[in-house]
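Colleague: The listed protein sequences derive, respectively, from chains A and H. Every letter in the first sequence is one number past the one before it in this note's numbering, and letter 35, counting from 1, is 35. Every letter in the second sequence is one number past the one before it in this note's numbering, and letter 110, counting from 1, is 110.
There may be inaccurate statements among the hints.
Stated by the list, open to error - Among chain A residues calculated to face chain H with C-beta under 10 Å, some are:
1) His5
2) Arg11
3) Arg93
4) Leu101
5) Val103
Everything labelled a hint here was simulated from the structure, so no lab data went into it. Here a beta-carbon is modelled for each residue, glycine too, at the ideal position from N, C-alpha and C.
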Amino acid sequence: MRDMHATMAVRGLLYKEWIKLRYLGLLPFALLLIALGNSFYDMHGLKSANGGQALWHAVIFRSHMPFEAMRYLPLFSGVWLAAAQFASECRNRRLRLFFHLPVNEHKALFLILGLGAGLLSLLIGILCLAQVSITGLFMPAEAARLSILTLAPWCLAGFIAYAATALIFIETSVVRRLWHAGIATVFVLALIDGRSYGSHIDGLPWFGLIAVLWFVAISNVLDRVKRGRS
Amino acid sequence: MPALIECDRLRHSYAGKQVLNGLSFQVRKGGIHGLLGKNGAGKTTTINILMGFLEPSGGGCRVLGDPSHLLRPETRRKIGLLHEGFTQHDFMTIAELEKFYRHFYPHWQPQVFTQLVQKLPVPSSRRLSKLSFGQRSQVCLALIMAQLPELMILDDYSMGLDAGYRRLLLDYLHAYAEEYGTTILLTSHVVQDLERLIDHMFIIQNGSLLYSAVRGRFFESLRQWRFQRSPQADQLERTAVLTSVEHIGRHSIVCSFHDEAQVRQALLQKGVMPEDWQEIPLSFEDAFLSLTGKY
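Only chain H is shown next, with the shape it has when bound in the complex (with noise of 0.2 Å):
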């Protein structure tokens, strides 16, 4: 299956700090992939530079065949890009922006906007300007729904959204990329409404990529325990075995990819004897937060 996405060792920084510091992976043709990360990842930086808003200081990227920066008219055709924050023209009104985009996608769809516009309670004469951003991030997905592209990338699509329109936006994409084929890359902050749409996931932490799986075999042997807090187990750090230690309460939890045995081991080692050890189930967002961190 060819890479749509190819990005080799990128580098990135602002004002002498390091964004991007050697990011690599790839997005596989068909599928929604999801680049995860908390807030400050690198994740908008990488879409940046995808989408050749950024020429990055080191390393590179292809997209379609093009490299990031440089990527031709006809390859832009092939990319629908919902913007961080739902950026769009808010000075027309949703006929126009249809009729405004109309023009430079020759697969328009116009019925696949229709669709989803028709179901907001406002006329299609209203301005963005004067609509709620939930209903003005339904627009811009049909927008890009509507020029049935190869790669659809989508910045931060929860930003700002609540719960009802996040859910209705998954909803609408998971149907779409079903229907038509399409490649979905998107990211965000927000992981809980995730599990269930993502066939692969790509998690960046300072920069660099941390954890990378498919359907399936996500955190597939990510573990918690919980044992009684002491003064030995106040010391300790990650390490490779332990990927998080977390101190709540009157408890030690750490979560590890390596199995039971081998984390009692590395704490023995530690000094720490785990006293009402417990495994706690991990759902995905604990998961996430035990990779990334709550800080």
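If we strip away everything but chain A, and leave its shape as in the complex, we get (with noise of 0.2 Å):
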């Protein structure tokens, strides 16, 4: 019996993520496919206006990035996603709602956190495979696999962002909010502001520990603002 409640509940806490993600989380593909597009035409017309060895060139010499486009896409899906997912749920004091459904809010909130991150993941997923596709077309394979060591720190910036949105619309007290917004821009620019390619991949592990314990944060704010301390 409690394994069929715990399914049905299950159940009606993907259909309300479903509810809020099924238009707005259509976004950042929407912009994913964008940078995409941008970045196969840059490398395309450097390649077409001055062959393959210009291209090189630019690449290697003067660390022109093609997928520029894609720095700020992690980060801003990051956000869009926990906005859509969090903004309804905790205005006007309505995160009460969520605690007074009959289901431990601590694994609730993890099913609605894993659901947001996996979104992010997939849109991730599919930035690196496309990319690694693109630069595989134009240059050789080392190329392909340094442009994945530089997209990774903005990836993790988007992991980041995601969570550190949903911990500012769960808090009720507004320094605490500033607080965790502080944090997060610092961490999230330390890791979008490389300008060449393989930056922060020694420190990206130290980052990723990071990246688990806003995750681990946001569980206990939860117990905090459901017991009316803030």
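Please assemble the complex out of the two chains, which come individually in their own frames, going by the hints.
Modeller: What follows is the structure, given as structure tokens:
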């Protein structure tokens, strides 16, 4: 009986997330298509106009990034998806509706976060695969590998932005919100600021750990907000 | 009869201001219970504690046997909660709300929801944000009624509703409580509709219980007298005998749970010689206001 309740509850929670994301969740994917098109035409244009050597020269010696438009895409997508999921859930004390649902609120929260992070992962997966394919069309495999290493910190910034935005919406204290936003901005700027290929690769595991900590922090904040302690 | 809600010496404060000050009461199974009080009396804070949205700074509260700040999902499933201001997911349509909530409640009664909602002159594909406040109240009530809860808690159900919607809501509640035997606790600062509805009332003021009575005994011995105003009468203050003292125009008005002779004696002791003395009948609302004060 308990399993049946749990299954039904999961279906209910997923249904609500689907309602929130069915239209709003499409925007990051539409932007991804535009960014990929831009990357393709940038490389195609350089190669057609000046030949493969010019493209190679631009990428290796001038650190030209044909996929520059993707620098902010995971970041924007993280903020957008979290806002789509949590703005409607948290505004005007609506989080109390969530707290009153007959489910374990931490499990339910991680289901919601898992869905958002999953959607972001899907977007990032498509982004990386498509970018590797596009780079592979015009350049050797080493360049494709380098483009992935360059994209990785930007993608991680997307996950930190997603978790931080969710945290800011759940939080009830303005001061704490500003604090979370400030800390998140520091990490995100550090990750997306690299101007050369492969920046931050050595520090990436540490940034990954920081991203995980952001997700863990959400659970603690939820507990505090539920008890009315701001 | 077991108590579904037990509050014992509840205390709570916001930023140093004491909102609940040793509030104790019990809600027994069955019937409609009113937690009444003026704005700021501590009703919403009490409900927030009952539902686990606030941890009291002192005292304790149990709901269906669980400590209120540790309500298990199984316990929450038995409680239908109408949030203050009819808070609900207003990005959803009426139909989507029904489909969403039915996943969480094994005893969900779709016909109860439909019966109430189909009376609205709007399609079920209408978003909640596009409904009037009254229509919204009906959808919110339908959502908790369809849960078939053991305990229903309505936090300030009357807020923002005109007399028509208030009456409609109370009529539905009354019929529902009779049919399903649900225990209902409601809070309100509008009391004129409640006399015929509630079976037990708790009046709270300044965060503690001021008065409690069962149906048929509401303000049973509270009476009101009017007499000619005088300089001595203007000096009168509330006492153990004089529950309320008020001066309007050329008259002074006193209320008391004591009998007429004791009230006159109390006035004489204060140097007041009541002239043109007459008893004024009290309505439910008059009695409530006499007890809690108009200011």
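Colleague: Give a verdict on every hint.
Modeller: Status of the hints after comparison with the structure:
1. Proximity of A/His5 to chain H holds as hinted, the smallest CB-CB distance being about 7 Å (cut-off 10 Å).
2. A least Cβ separation of about 5 Å between A/Arg11 and chain H falls short of the 10 Å threshold, and the interface hint therefore holds.
3. For the restraint placing A/Arg93 at the interface with chain H, the shortest Cβ-Cβ distance is roughly 6 Å, inside the 10 Å limit, so the hint holds.
4. Among the interface hints, the one on A/Leu101 holds; its C-beta lies about 6 Å from the nearest C-beta in chain H, closer than the 10 Å criterion.
5. Hint on A/Val103 holds. Least Cβ distance to chain H is approximately 5 Å, under the 10 Å limit.
Consistency with the previously given hints is maintained throughout, with no hint failing.
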